[in-house]
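Here is how the chains run, residue by residue.
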Amino acid sequence: MTGEPLRVREVHRTFGSGETAVHALRGVSLDVAPGELVALRGRSGSGKTSLLNVIGGLDRPDAGTVHLGDLEVTTMTDADLLALRRGPVSYVFQSFGLVPVLTARENVGVPLRLRAVDPAERERRVTEALEHVGLGGHTEHRPDELSGGQQQRVGLARALVAEPGLLLADEPTGQLDSETGRDIMRLIARLAKERTMTTLVTTHDPALLAVADRVVEIADGHLVDAG
Amino acid sequence: MGGARLLRRRLGAHPVAVAAITVSVLASLVVVTALQLLSARITDAGVRSALDVPPVDRSVVVTGSLRPGELGATDAAVRAALAPLAGATVTRVGTATSRGIAGRGSGDRAALADVEGLRQVAELTAGRWPQRPATSSAAPRRVEVVLPDAAATALAVAPGGSLDLTDLVDPQAPRVTAEVVGTFRPRDAEDGLWSDLPLALDGVVASDFTSYGPFVVAPGTFDGSLVGTSTVTWRAVPDLGDVRAGGLAGAGARADDVLTRLRALTGLPTVAGVQASAGPATVALRSPRVASDLPALVDGATVVGDRVRVSLLTPAVLLVLLGSVALVGAAALLATLRDGETRLLRVRGASTRRLAGLALGDAVVVAVVGVLGAVLVAPVVTRAVSGSGAWWSATVLRDATLWRALVPPALLAVAVTVATTLWVGRSREDARSRRAGLRLAAGSGLDVVLVVLGALAAVQLRRYDAVGQRSVDPVTTIAPALVVAGLSVLALRLLPLLARVVARWGARRPGLDAAWGGWQFARRAATQAGTLLLVLLAVAMGTIAFGHSATVGRAVADQSAFDTGAPLRVVQQVAGPSAGATGALVDRAAGDPGRVTPVWRTSLDLGSVEGVTVLGMDARAAARVLRPRPDTLDAPWAEVTGRLLAGRDLGDGLALPGTPREVSVTAKFVATGSSSAVGPEGFAASLAVRDARGIVTSVPLGAVGPEQRTLTADLSRLGLVAPVSVVGLSVPLPDFVYFFVPEPTFELVLTSLAADGTDVPLGRVLAPHSDRAGLWLAAAPGRTSAVPAVVTREVADALRTGRGGRVTLPLGLRELPVEVVAVVDSLPTAQRPGRGVLLDLPTVEAAAERVGGGSDVRSRLVLEPQEWWAAPADPVQAASAVRAGLPYGTSLEVEDELAAQRLRDPVNAGMRSAMLLVTLASVLLAGVGFAASTAALGRARRHENAVLLALGSPPERIRAVLVLERVLVVAVTVVVGLVLGVVAAVTVVPLLVGGDGHPQVPPVRVELPAGLLTGYVLLLVLALSAVGAAVLRSTSRDLAGELRWGESP
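As given, the protein sequences belong to chains A and B, one line each in that order. If you're matching positions, the first sequence starts at 1 in my numbering and goes up one per residue. If you're matching positions, the second sequence starts at 1 in my numbering and goes up one per residue.
Distance ranges between label pairs, derived from CB positions: (1) A/44 <-> B/504: 39 to 45 Å; (2) A/19 <-> B/504: 53 to 59 Å; (3) B/343 <-> A/12: 31 to 37 Å; (4) B/960 <-> A/63: 33 to 39 Å; (5) B/5 <-> A/18: 25 to 31 Å; (6) A/17 <-> B/1009: 56 to 62 Å; (7) A/219 <-> B/504: 50 to 56 Å; (8) A/219 <-> B/8: 41 to 47 Å; (9) B/5 <-> A/17: 26 to 32 Å.
Simulated from the structure, these hints should not be mistaken for laboratory data. Each residue gets a CB set at the ideal place from its N, CA and C atoms; glycine is no exception.
Take these sequences, add in the hints, and give me the full structure.
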């Protein structure tokens, strides 16, 4: 699948109510072109992850709309959202999100199993994805036998194997050293370009922003700079 | 923050996990404590039951011979030696050489007895008790005696009458006149005194001689010059009614002390382990013998007590194991919930000691709650289960048993809680080393070691049956727990292999569910260990409990059937004229004579085998009346009785019409030699009749004289079953006949015979015979050459014979050849279960006549039945009918009543209740532990589940897979648990069943109620699955929060 344009309009999201209410998003609007890699920068608690969750259908906004291509994410049913996450949208997590008891190959194969892809096809695509992220020689290793960087590559391969149109990566280098983090960011950028994949990456590490096509600042639930 | 406030806040923060811990501790402590309280009660009941034996089996007996004038000092010395047996009843029986009875046959004997204590165990039925003859140096010519009713009736003498007794050794010695001043009958046939004077129960014992008596003289009469040497037996019967488990050692020591004193007194070697040398006797007792089963009885009771204790300790240990596992699960859940708090404390510098202190505080609070709860609840549970004692009283606080039972598991609970908390906290930091540790444990063969240890302990457990095995070693007690633990670890090793197969199968499929479940189960086996153990133990405990309950029911039924022999058993313990009436009563009550068999019983030595019980019964009826357990036979019972009947040939008989009430005989004897000695009064004759059962009964006919007389035999009270036939008419001749007529030439002439007034053609059925002992008419005997016999294996082995082999059975002076037609493990009602011979009584009587036995043998051997065994269609109604008409001296035993009584026995009832209590506690603990471990599992998987959700997996599907995984774990474990339970039940249940002190004959056969067990495990699977589903449903749905789990800020 090639990248889809992402269009976010006036998205609001508040957690809790009354005096303890936390306004995570306050009328956020954002457009990301197909194949574009946008870095979403901001401090902890600024609303980066909340925006990603709303875009990816893991959370629903209180107001506003999110469109991915022709699909309006915000009005989808739960089942449609699940289908969305099995296909057009993929995630990369800060804590890698790998299942400890599964090998790299098995972890990467999970999204394809959820789509009941034919086993032979599944294995071909898993092998290809792992080779793309440079882990062709570590397919049978379990997460605790891999370094942090390797684990995140597995997480990336799992995201790519479903051939998404939109890749959402939440602090993908948050638990890596700076050198490894740069490698991962370069890898994401390369793959995004190769696959013309719309990519939104959150980070608060300035050194990693260089690989992005565009950097967007978010603070207190507002987009500060969309340039 | 104050310590108490901190504790309150810590415990209040996670109420569900704290409640799980509290329930685990409380349930374990309550049940373990209740079991121990129950154990004390059941042990006492078991000891009481073991000591509740007939007086003869708990007596101390001293026997020896004395000459006149020696009784006083010896009696005082013996009684002094018996003094430590406080409260014992001491009786003394002196017997002397039998005397002849003037005017009666040469085979008639009078047995004299000098009894101290007769008045306490017998009641006068007429007249008064005898008094000692006036003191005189010369032998008394007259002596006052009392006779048992049966003897008085047989001798046709009443109070006021007398009999002249002759000296059999010296015919020239002056006769002694026995003045009968009274008659008596025994109050209780089981009283110990009658074992020293068995003749008193029958009054008459006919074998090769006919003994009448005992002619009981006043106490001390033998110390004069009435008799020469007499054999005197002192019997002390201690009252053991108040002896409890704690008093057994004292009772045993007193018994040993008394035996040592008596042996020293009589000059016997003191073999009670004190000294082995014999000193000089200090009393004049010749050929002394000191005997007692009391030490063995006390030893046996001690074994019973130990067995009950160990039997209840075993489920208690299993319960502690199960409670510990449940507690570990709950404590691990709490530790997991507090993970963040713990990490924060560590970050802020809290040491391990500080964390341990906090955990200790939590654990102590929970343990105190558990202890208080147990103190309040355990006595109530004990009362509810045992059905006796107070529900609760403050005195329970002073009960050392309660605290001994309570404190160790409470301390264990504290240790387990603290250790689990620290272990979980540390293992989260070092998961890799934890897995390595588990791999090491599994790989080191720990499971094999535990299973081998358990098997060895199980073997030891089985050997516990051996009498004399008194110690309760720890290995024996924890054997089932070792087996359970070993098999559980083994299951932990095997189940992942099974899961791997499932995972491989699932991995080849396109979908995720099967592969996911397989991967999780196969690769996270260690996390399932708690669940496995809980379910294994709950299933194992249930299997043991249900198996125990069913086995007790079966064993009690088996043992009751063995003890009674038939659904109804009537025993004539004291002889009387009512034997026939008793038989008729049983026949009427049973409604069908074919459901009743008269039983004749004797005990004899066969070669080297002593005390073999010989039973003679109507084998045709026995096929229906007796129902021996098939596994104790070498062929079906119908076939065995068929083999007994195969040899039945009863010979001829003069058939009588119907069931005659009386038979009139016109007869005389013809003396062809000198008849000067034969007076006109003639000689007593008897008529032998045989009924449809083939059993011969001898009926008094009156005196046959030289002139023709018509005599009448009353058959109305004999309970005969048609058709009836006359098989003989005999006239024993007194000795003096031969004294005057050296060459007897008598012949008995039967002129006519009528039954109820109807003449019966005589034909040539009854042929005349005569010898020195008498003259008789007899029908031709059967042609059976060897009587078919069923013998027990022990007897067959000792005689080195088997089916088809022939042995000789001594019956009086006859040597009866018998052929073994079947070998069985045991015979019901045999005194020693493994030593018995079963014969067809009619065949025996017919064959015995054919065999003969020398000149002193009477014409026909009549073996009078003393028992009637019945299998009526309605045993309850029949028992009621028999009981309503039961004559004096007979007792009724009802198999079902005996079984019901034994089921109510405190040991059996208590053990069943205890086992069910443990099972209920197991299920409760399994439920709590399973819920806690499921909650912990759900929590541990939440991040993975959130990732799956993020990848597009439906939440209900994730939960379904998780629930299915738990159900599969439970289901597979239940199967393993059943196997384990069966192994444990087969090992443990026979011991639990044997705790009531009754001999287990036939041996206990473990019964496992398949239907009940299937229902139990299905319910368990359903209940645990429901618990698992409910717990997993409540897991967090905060998807976004879970996805950020473990992230750095």
